[in-house]
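K.L.:
Spelled out from the first residue to the last, the chains are:
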Amino acid sequence: MSRHSDEDEEMSTQVAGPNAPAPDDQDDVARFLLELRALGEVDPPTPSRELAALLGGATPLFSQRRAMRRIVLRSGIVAAAIVAALIVAAAHQGLPQPAQRVVSNVVDVLTPFDLPRGDVGVPLTPTTPTPSPSDDRPAGGPGSGESSEPGDDGPSDEPSRGAGPDDGPSAGEPSEGSSGSWGGPDNNGGPGGGWGDDGGSGSGEPSGDGYSGAPTGGSNESGGDW
Amino acid sequence: MPRAELTDAVVAAAAAGDTDALGAIYAALAPAVLGYLRARSIDDAEGVTNDVFVKLLPQIPNVRGGADGVRKLTFTIARARMIDHLRALGRGAPTIAYEPDADRRSVPSAEDDAHAALSLARVRAVLDLLPDDQRDVLLLRVVADLSLEQVAQIIGRSTGAVKQLQRRGMVALRAALEERRVTL
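Same order as they appear, the protein sequences are chains L and E. For the first sequence, our numbering gives the first residue as 1, with consecutive numbering after it. For the second sequence, our numbering gives the first residue as 1, with consecutive numbering after it.
You can take every hint at face value.
Simulated restraints, written as ranges between beta carbons of each label pair:
hint : chain 1 : residue 1 : chain 2 : residue 2 : range
1    : L       : GLN97     : E       : ALA80     : 51 to 59 Å
2    : E       : ARG124    : L       : ALA80     : 48 to 56 Å
3    : E       : ALA121    : L       : THR46     : 18 to 26 Å
4    : L       : ASN105    : E       : ASP18     : 48 to 56 Å
5    : L       : ALA80     : E       : ASP18     : 32 to 40 Å
6    : E       : THR7      : L       : ALA91     : 48 to 56 Å
7    : E       : THR159    : L       : ALA58     : 38 to 46 Å
8    : L       : GLY57     : E       : ARG64     : 22 to 30 Å
9    : E       : ARG124    : L       : GLY57     : 32 to 40 Å
10   : L       : VAL72     : E       : GLY17     : 20 to 28 Å
11   : L       : ASP108    : E       : ASP132    : 57 to 65 Å
12   : E       : ILE83     : L       : THR46     : 18 to 26 Å
13   : L       : PRO98     : E       : ALA80     : 49 to 57 Å
14   : L       : ALA52     : E       : THR7      : 21 to 29 Å
To be clear, the hints were calculated from the coordinates, so they are not data collected in a lab. The beta carbon of each residue, even a glycine, is placed where N, CA and C say it ideally should be.
Make a model of the complete structure from these sequences and hints.
P.N.:
Below is the structure:
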């Protein structure tokens, strides 16, 4: 009976359809199942007016309006997905710089949120360096904004800029090679001041703050000292 | 009336808007839908069958799986309409398990009904002795001619669970029939 390869032997043998055994050979269950099956072997009911219109083609299965609505809906979903992907990528600065700027500008204008612009050297998410245990300076050390002052103690700002020990990045200058999102060193004067400081002390050892500034181009040269 | 075969080609033609193919789908599936609804004691089975196809036909172009997909979708809609209909009437089919000892009904003789055709009333009487889920599985397997997997998808159970329900339904059915406790 069944079009399917029936795993239930009882069902398939008892409801065998045209190949079923003669009624005399059947038990009650098989007869009942055949009767049950016969319920689905009657004439189809007369179609209602609405159904007849569908069957006769008077009512198209797809109206133009419905098809258009579907196209618009699908297009909207795709567009929303693309915009969402762009915003997520921009939030992670995963876009090329021009695209990053465009997306961040649009987001800035249209929403209360700020996205990184991806400008080189401009810190976008300032980090607050934590003083290392080895740093015995009082609070407001190299990582703080006040840390730019130690440059006064170390090699003076101007003469030593770019000529300090290890050529560390000077305070306030964008560091080469640093990505915009890595907001450590410059504005806070962390590494710059720190290096100045260290240079002043002549220790040459980077403090914890100095290490946090390591990824900058200038500090790369100090790697050898480590 | 023998069942009309539903083929993938017919479904494809219907999806393209061929009215003859739409009619063929109706001719192939409407009797089974009607039988399924009648077995579930739906009063206006013809009207609900019409509703099922009014809902089904516009979805034909989107159906995947060819004839099997259309058959599955048809009975998914039919089952949903049946449940809605029963809820609207506020009288769902009984869901209690069959207890032979508590059943006082009997028939005079086994010989009397040995060769008699089972009427719709008797079919319903027997089915009403089964729990709702077992009854549903048997109807979808036998009347709708669906596979275990298709039934599982329609009722939202695993294939193993459907197989188990079918087996239990057959055992309960046999118990009800062999003990001759169902009146004609």
